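These protein sequences, in sequence, are chains Y and V.
My numbering puts the first residue of the first sequence at 1, with every later residue one more than the last.
My numbering puts the first residue of the second sequence at 1, with every later residue one more than the last.
Since no wrong hints were added, every one of them can be taken at face value.
Straight-line distance between alpha carbons at most 27 Å, and here's what the computed DSS-like set of lysine-lysine pairs gives:
1) V:Lys11 x V:Lys57
2) Y:Lys9 x Y:Lys103
3) Y:Lys9 x Y:Lys57
4) V:Lys57 x Y:Lys103
5) Y:Lys106 x Y:Lys65
6) Y:Lys103 x V:Lys11
Calculated directly from the structure, the hints in this document are not laboratory data.
Because the structure is a prediction, the values reported are computed rather than measured.
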Amino acid sequence: AQRVTQPEKLLSVFKGAPVELKCNYSYSGSPELFWYVQYSRQHLQLLLRHISRESIKGFTADLNKGETSFHLKKPFAQEEDSAMYYCAPMNYGGSQGNLIFGKGTKLSVKP
Amino acid sequence: GAGVSQSPSNKVTEKGKDVELRCDPISGHTALYWYRQSLGQGLEFLIYFQGNSAPDKSGLPSDRFSAERTGGSVSTLTIQRTQQEDSAVYLCASSLERGYEQYFGPGTRLTVT
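Let the hints inform the model, and build the full structure from the sequences given.
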């Protein structure tokens with residue numbers, strides 16, 4: 001079964017500090033991975049998708065197939081980055097196409 | 001254009017009653033998904049529609065849960081004989097096709113008393 005692990009429930013950093021939100025997955029085959037973010041009182045929204053290799057709001061994520069990781073990084077955290085972050089591989093098994101969400105990491109950026 | 005919309009935004013119901021939750025996907029999106037977000041379980045997948053068909057209903061937590069989609073657009077999730085453990089935020093998402101980015105609605109917060 002496919003699984004995704006986000007080991008940190010809560011990550012607290014000071015403004016301007018680097019931040020790394022960890023994500024490890026188990027998947028057979030080539031995974032399609034996403035990071036979603038939920039700001040306070042807002043919808044769950046797509047942050048980035050590994051296949052696009054984009055940098056969104058200063059965040060990047062590199063897929064490491066050897067370590068089966070897809071950690072989210074930002075060199076200088078901002079207070080507005082405080083939110084709940086979810087790592088989610090896409091399930092292509094069978095006839096599904098759903099996302100499999102981790103438990104999420106709450107990022108708190110302090111001034 | 002408009003995003004995914006869901007109604008009602010909040011629903012409080014008594015244990016044992018039936019509830020219907022509605023999702024309006026982004027126009028033109030053929031794939032539609034239902035998820036449930038609860039404190040204990042995090043974000044769980046419930047069911048996926050491609051057009052009007054749900055190829056696999058195994059994600060639904062019990063036979064009290066059912067869902068349908070008509071006209072390749074609006075979907076309803078029905079929970080019969082609600083139980084307290086059904087209390088959660090029910091999220092709907094749509095994507096252009098299976099495998100594309102999913103766009104989420106604001107959710108329906110269901111409270112079963």
